[in-house]
Amino acid sequence: MAQAPALPTGFELPLERRLPRIGAVDQVAVEARAAELAKRSIKRESKLWALELAVRCIDLTTLEGQDTPGKVAALCSKALRPDPADAAVPSVAAVCVYPNLVPAARERLAGTAVRVASVATSFPSGQSPLDVKVREVEDVVALGADEVDMVIDRGAFLSGRYAQVYDEIRRVKEACGDAHLKVILEVAELGTYDNVRRASLLAIAAGADFVKTSTGKLPGAATLPVHLVMLEAIRDVYEETGRRVGMKPAGGIRTSKNAIQYLVQVHETLGPDWLTPDLYRIGASSLLNDILMQIRKEKTGAYQSKDYFTND
Amino acid sequence: MSELSKRGGRAPVPAGWTYAPAPESRELLRLEERYGLYVGGEWLEPAESYTTISPATEEPLAQVGQAGPAEVEHAVAAARAAFDDGWSSLPGSERAKYLFRIARILQERSREFAVLESLNGGKPIKESRDVDLPLAAAHFFYYAGWADKLEYAFPNRRPRPLGVAGQIIPWNFPLLMLAWKVAPALAAGNTVVLKPAETTPLSALLFCDVLRQAELPPGVVNIVTGDGSTGAALVDAGVDKIAFTGSTEVGKAIQRRLAGSGKKLTLELGGKAANIVFDDAALDQAVEGIVNGIYFNQGHVCCAGSRLFVQESIAGPVVEKLKRRMATLRVGDPLDKNTDVGAINSRAQLEKIEELVASGREEGAEVYQPPCRLPEKGYWFAPTVFTNVAQSYRIAQEEIFGPVLSVLTFRTPDEAVEKANNTPYGLSAGVWTEKGSRILWMAERLRAGVVWANTYNRFDPASPFGGYKESGFGREGGLHGLEPYLAFE
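If you read the protein sequences in the order shown, they are chains L and W.
For the first sequence, position 236 matches number 761 in this note's numbering, and the numbering has no gaps at all.
For the second sequence, position 134 matches number 136 in this note's numbering, and the numbering has no gaps at all.
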């Protein structure tokens, strides 16, 4: 019999029984495919459609040491009504903040469709004892976070302690209760596409509602090939189990053109079902204004200067 | 997700995402109404002519010459005169200057050529833009570099040019095949009479404009257009060498015709390549390779991976992934920048594809075509895959030269090699596996001129290309590609 590819040590876990073979990723070929998809030419009404979708999928993010309730409140206003001059521009999906700022966001967004997301589990490094991380998750949920963005312990992953990573995600998922769990892989620290695929499948098996590329704290965050590898993992899980897992690229997506390239990948890899904020998010801050500028250009035919879009 | 939707309040999601048409502009391209034969640096009025069309719309594009034997002899005489008048004795470094110039002009005018190539041939603009044109220019750059180094390329063998090379090229990569033929011939000091394919003469005719821009001496390159009879006249004319790329049938006829004539011959003919996927391969990337192997240029590729061999243990998932991927292929207007699969090159080719596909159905193979709406005018064929194919079926034996893939399975590496080699052809093969040792093991045993590992349809001017068995002989590209254009003392 032909040998099945060996699972890495530590992978013989209570993974879902029908989880797809771990498999491998070919670096050259995946980068070539990502580059090819990036050349799709999206014009006119299809561009406008994509730009409005991108707005609806944004997790508007501020993760700074200098964040204050005032700053977060301003960001929430922007999230609700991104372009005061154009009511047709939809709200973003969520506002993503540090745990201490959850109450400020909760207060401003109560009764709206915009969710409150909080990073947790000793973001961004994840290098803390598990009980501390779990406690943090319980706290942000109690404070009113609808969504939790956790980080995996890359140290554990890279040293082959997959079971530990898996167990941590399970514990965090339990602590989330009804809150949605996004699992940040921090791909820039994983080193290979094979690792990205393994970590994606591991996170999904452990109960992630979304897999997310990056914390945004490192250079080389979301890239198109990494995104493609993660989408393919999500697709394999869907085909094997019927379970739909969401995707969130974050970090480094600053232009409309780039955002559309990500959406094209989703469209041609997972299909139209994933083109919804329920299953797709873009973690970004400066991207939103670039999209607003492009939307206005598509609608009026002319570019307006940056001064016509609010900085929050 | 139900939780999120319950809390709702979001604007309703607009219906699906369809890409708006994004056609490349034809404005840069200025076509003449009629073209003559390019002989001795002049346009010669042909006695007869025919209309060349766009296969995507059947729109007439221009009138081109149908060269007869006398006109072909005239072109050969012009090439002979240019050879004797100085081209053959020009220092290599001077010849190189012309080749570098041609390469640069091709780069400068690449968009114009890409549009023309898609218009006249039916291939997607993204391929003519990203593959045909860059590679054509790269071939001229590459051979320009060899022109003054022939003595170092073949030490102690005293290379000298042959004389006049007659070159007959196919319709699948019109300008690229021209480059593959013209660049080494000129670098080696020969002069050329080239006959482009009957259905795709326009890029070769536009290339004459490049030759003038580069101030290439008159008669060094001559272009005669026409059908197969023009090619036959060129074979019979007073040339010193024939280089032919095309069907095995015509190749055999040329070889018979040239037997005993003393003319040198290289043939690059058909193929029925095996693309072999092992169970440890990176599957999503292998599927991309399968798609690229057979649907690239509508499968009009002599080295197309038209026989897919999948290890039986993963045949199910691979075929499923392949079908899903096929459903995302965008078939349509070749000039649209988002088109993945363009038009079939001619009515004759479409009929041949239809006939072979019908035979596959009759023989009992299972057929799948993704839902796609084909344009009403022009020549179109949906991407097609056959499963449950036996080695004995015609679709597993004969070259289809269209977007039609036959899927077969194997159990062990030995069986893969045996089945892959079990064909009269031997042009190319693909191997998909994560094991480096297995790649080398397979490459040693596959009887094919090119073996790609974890990729497919990759070309580089420095790498020789050519076949085994009925796929022809002689190599194009690389150092090997110079040798057929040289005599040695």
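Fair warning: there could be bad hints in the mix.
[What the hints assert, rightly or not] Calculated cross-link-like contacts (lysine to aspartate or glutamate; reagent style EDC-like; alpha-carbon spacing at most 20 Å):
hint : chain 1 : residue 1 : chain 2 : residue 2
1    : L       : Lys-568   : W       : Asp-342
2    : W       : Lys-325   : L       : Glu-793
3    : W       : Lys-339   : L       : Asp-703
4    : W       : Lys-325   : L       : Asp-719
5    : W       : Lys-325   : L       : Glu-570
6    : L       : Lys-564   : W       : Asp-342
7    : W       : Lys-339   : L       : Glu-765
8    : W       : Lys-339   : L       : Asp-798
9    : W       : Lys-437   : L       : Glu-765
10   : L       : Lys-564   : W       : Asp-132
11   : W       : Lys-379   : L       : Glu-765
Don't read these hints as lab results, they were simulated from the structure.
Does L/Lys-568 pair with W/Asp-342 here, judged by a C-alpha cut-off of 20 Å? holds (17 Å)
Are the Cα atoms of W/Lys-379 and L/Glu-765 separated by 20 Å or less? violated (41 Å)
Verify the proposed pairing of L/Lys-564 with W/Asp-132, using a straight-line Cα cut of 20 Å. holds (11 Å)
Take a quick look at whether W/Lys-437 and L/Glu-765 sit within 20 Å of each other, Cα to Cα. violated (26 Å)
Given the proposed pairing of W/Lys-339 with L/Asp-703, does the C-alpha separation stay at or below 20 Å? Given pair W/Lys-339, L/Asp-703 is violated - Cα atoms ~45 Å apart, limit 20 Å.
Taken at face value, is the distance from the CA of L/Asp-719 to the CA of W/Lys-325 at most 20 Å? Cα-Cα ~24 Å, so violated.
Proposed proximity, L/Asp-798 with W/Lys-339 (alpha carbon, max 20 Å): The given pair, whose Cα atoms are some 25 Å apart, is violated under the 20 Å limit.
Compare the distance between the alpha carbons of W/Lys-325 and L/Glu-570 with 20 Å, and conclude whether the hinted pair is satisfied. violated (29 Å)
For a C-alpha distance cap of 20 Å, please report whether W/Lys-325 and L/Glu-793 respect it. Holds: W/Lys-325 and L/Glu-793 sit about 13 Å apart, inside 20 Å.
Mind checking the alpha carbons of L/Lys-564 and W/Asp-342 for me, to see if they're no more than 20 Å apart? Since the Cα atoms of L/Lys-564 and W/Asp-342 sit roughly 12 Å apart, the hinted pair holds (cutoff 20 Å).
Holds or violated: W/Lys-339 with L/Glu-765, Cα cutoff 20 Å? Violated, at roughly 34 Å.
In terms of the numbered hints stated before, the structure departs from hints 3, 4, 5, 7, 8, 9, 11, listed from lowest to highest.
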